[in-house]
Every structure is written in C-alpha cells, then in structure tokens.
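Kindly generate the complete structure, drawing on both the sequences and the hints.
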Amino acid sequence: MPDPTGGGNAPGHRPDEVLDCLGQRCPLPVIALARRLPELPVGAVIRVLADDPAAAVDIPAWCRMRSQEFLGAAPGPAYDVRRTH
Amino acid sequence: MIPSPVYLDAATAAPLHPVARQALLAALDDGWTDPDRLYAPARRARQLLDAAREATAEALGVRPDELSFTPGGTSAAHTAVLGGLLGRQRTGPVLVHSAIEHSAVLHAAEQHVARAGTAVEVPVDRFGRLDLDGWSRAVAGPGVALAALIAASHEVGTVQPVEGAAAACADSGVPLYVDAAQAVGRMPVPAGWSVLSASARKWGGPPGVGLLVVRKGTRWESPWPADEHESGRTPGAVNLPAVVAAAASLRAVTADAAAQAARLSPLVDRIRARVAAEVPDVEVVGDPERRLPHLVTFSCLYVDGEALLHALDRRGFAVSSGSSCTSSTLRPSHVLEAMGVLSHGNVRVSLHAGNTEADVERFLAELPEIVADLREQAGVAGL
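Protein sequences appear in the order of chains A and B.
Under our numbering, the first residue of the first sequence is numbered 1, with each subsequent residue one higher.
Under our numbering, the first residue of the second sequence is numbered 1, with each subsequent residue one higher.
Treat the hints loosely; a few may be bogus.
[To be verified] Estimated spans, in silico, between C-beta atoms of each pair:
1. A/Arg35 to B/Ala262: 40 to 48 Å
2. A/Ala73 to B/Leu25: 55 to 63 Å
3. B/Asp227 to A/Val18: 56 to 64 Å
4. A/Phe70 to B/Arg314: 32 to 40 Å
5. A/Pro41 to B/Ala276: 27 to 35 Å
6. B/Arg137 to A/Phe70: 23 to 31 Å
7. A/Arg35 to B/Arg314: 26 to 34 Å
[As the list claims (entries may be wrong)] Some but not every residue of chain A turned toward chain B, in silico, with C-beta under 7 Å:
8. Ile31
9. Ala34
10. Val57
11. Ala61
Hints listed in this document are in silico derivations from the structure and should not be mistaken for laboratory results.
Idealized CB from N, CA, C, for every residue including glycine.
As structure tokens, then:
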C-alpha cells in the first residue's frame, strides 16, 4: 500500500521537489537529476519520477558515483535522492 | 579515410580460427554423408565424428561418451537445464541459479517456472561475484533438483567460485550445471560439475555447434522427444563439417590458451586503467583480478549506449553493450542490474587472438574524444 506521505524508504519525508521524467529513456532521467540537484540546497530531497526500468539501476549508481544519498524507491515508480554536498 | 575495422566482440563470436576454416572445407568434402549409415562414405563420416568427439572430450578432460554436440550453445544450455531438472523431478521442482546466468539459462528457468517449477536466484556483489553463503543455503534447501552457475560472466568477465559452489552442491547432493561458454578454450574449467555446456563460436569454431557434457552417474533425462542421435541427449543429425571444424579449433586454442591469456590479460588491464583515468565519469565494472583474460566492461555516465555503439562503429570499432538503450527489450542487462552498477553508456570490449596491442591503443586513443563529443552533443559536458 502506498505511503500516504509518499515517502517510500524515507518515512515521513516529503520531497522538496518532484522531477517528472516519465516516458524518458536512459540516460535522460539521470541527466535531469544531475542538472537539477546542484540547484537545490544541501539536505533537500528530490523525487525523480521515471518509468524507464534502467532508472532503477542508474539512479542509485549515479548517487554512489556522485556521493549523493539515495533514499530509495518510492511509489510511482519514483526515486528519492537527498543532496548531501 | 575509413579506418580498418577493429573487431572487439569475441565474447559474442570469435573470428573463425584458420585451423577451423581448413577443417571445415575438408569436412565439407569428406563428411557430408550420414555417419550412421553402413556404406563406405558413411564410415568415413563416422570416423570424422568419432575423432572430433575424442579431441573435444580430451580438451575438456571428459569421456567421449559424456559429450554430445548440439545445434549451438543456446540449445546446449536449454537442454542442460531442462534435462537436469527432468532427471531429478522426483527430488523436487527447485532450480537454484545465480543472478548473472546467461539469458539462455534464465529463459529455460522461466519455462520451468511456467510449468509449475520453482527458481531460486542467488545474488552477486558489486563486482559480480556469487554470494557463496547465499548459494550454499539455497542448494541446501528442500526439493532442489539442479543448481546452475556460469563459470565466468559473459558480460563483465568476473570468474565465479565454481569449486566452492560445487562443494556446496556436493554437500547437499545437488548436481551442478556450469555454463562454460566464456571459459572453454580460454582457461581451465574447475572440477566438481555434473553438467556443462559451451559454444564453438566463442573459441573460433563455426556458429551452430554447442557442447553438452553430462558426467557419468548424473541423473539427467533429455527434455526432447526420443532420438537416437548424440546418446539421445539432443535431437537431430549433427552438422558434421561444423563439428569437425569446432573440434579442430578447440584443440588449437586450448594449446595456445595460456599464451593468449598472458598476452591479452595485460591489454585488458591497460584498458581498465586507461579508461578509468582518461574518460571522465566512467565506471569500470567487474572483478579486476578474478576475471576472464580477454574481456572488460565499462559504463559512461550520461551517454546513450546505442549512440555510443554507433559512434564507435563509425570509427571502426565493433563492441557490444548491456545498455537497455541498445536492445529491443526495455530492461538493462540483468547482469549490470544484479551488480547495481551504471547500466547506460555501457561498452563491453572482448579481445581475440587476432587483436594486437595497436588495436587496443587506437581504441584507447579515440575513445575519450568519442565520449566527449557525445556528451557535448547531448549538452551534458561538465555535469
């Protein structure tokens, strides 16, 4: 059952921003995330809505390569990322 | 000027070995009759088939009557999995397999599940190495008929702990099937398995020849309708000229395998190091040490895998990719997915005996600019 707060693996956390990448194929959702996250304040959470199956692999991998925090998948399909630096 | 093509996709198909070409041409003249007939030309064909079987069995260290030739590596893998499950169906319905098996094995597993069987997938780590503890627990579970483990990943090159996995299987009395398509002809296959498959075009034999080995004492039953060919393990007459060529090639590459590995492995090390150092935002994947001698995979951030393959092709480089952007399916490579590594912008380079140091140097010299150009065109440079 979807979390009413929409927090996915980040219980109770509302995203500060939602990035709609539905219908986009790899690597576009990751590019959109890489463009937008640095514009948000440190600590902010962005939710990437992405239905390309590759996003489930590539968004966590991008977070690891860029030392950003991957909070987990959220209903959508969507992925929550916190800017850490 | 169009550069001369550099073929870097031996993991899909190695170029036909010169010995295979000679053997193929000779066998087309001498081996087109049916080896099962009783006239003189058929006896000649029978001799060719027997000799090919003996040479191949010797290269693998198995008995000739344990070896069957199949119409290809995929069919050998399907037959290995389904036959292993069928032979032990009274024990139970469970197939244990790694998360990074070849799609041929996974498709056989899908069919097994669709027919009310069960498949248990064992994960791998970030390097693509089997979780041996998880494997041991899985094969010790109830109702396990067969376990399947790829000898070395065809996508990222990581060599699997086959001996440890085989020991766990032996403890639980479960036969182990090993898909050795990337290992045979390149490195010794570890012992302990009950069923093995391989594919001739990976070692410079012609396409359309697979190997299926079922060790003596293994409970295995052909999933195909009854057929008298190849010990009843695979239906239909073999493509004898191709089998003869495959056997000749295997003998040649096995004799040369250690020398080729010693030559190619440092070239792969060079690609691993230079790509990581000279292409920004790249992830080189797979185990850097316990790996195949000829294969390396990396992924370039923000680059469309299909665009990268086309750009490399225009510069004369033939490579493969596990990116979903390149395939008809939407999913990225299940191997990259299981490892949790970047799946887009993926390039697999796999070397063969004909590749030179100059080929690798040219690839390394041109790759950074190719990736940079694609990033610039996509407006993602410096992200």
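A quick look at each hint next to the structure:
1. A/Arg35 to B/Ala262: 40 to 48 Å: holds (46 Å)
2. A/Ala73 to B/Leu25: 55 to 63 Å: Because 57 Å falls inside the window, the suggested range holds.
3. B/Asp227 to A/Val18: 56 to 64 Å: holds (59 Å)
4. A/Phe70 to B/Arg314: 32 to 40 Å: holds (36 Å)
5. A/Pro41 to B/Ala276: 27 to 35 Å: holds (32 Å)
6. B/Arg137 to A/Phe70: 23 to 31 Å: holds (28 Å)
7. A/Arg35 to B/Arg314: 26 to 34 Å: holds (28 Å)
8. Ile31: Status holds, d = 5 Å.
9. Ala34: Constraint on A/Ala34 satisfied, holds at 5 Å.
10. Val57: holds (5 Å)
11. Ala61: holds (4 Å)
Hint compliance for this structure: every hint is met.
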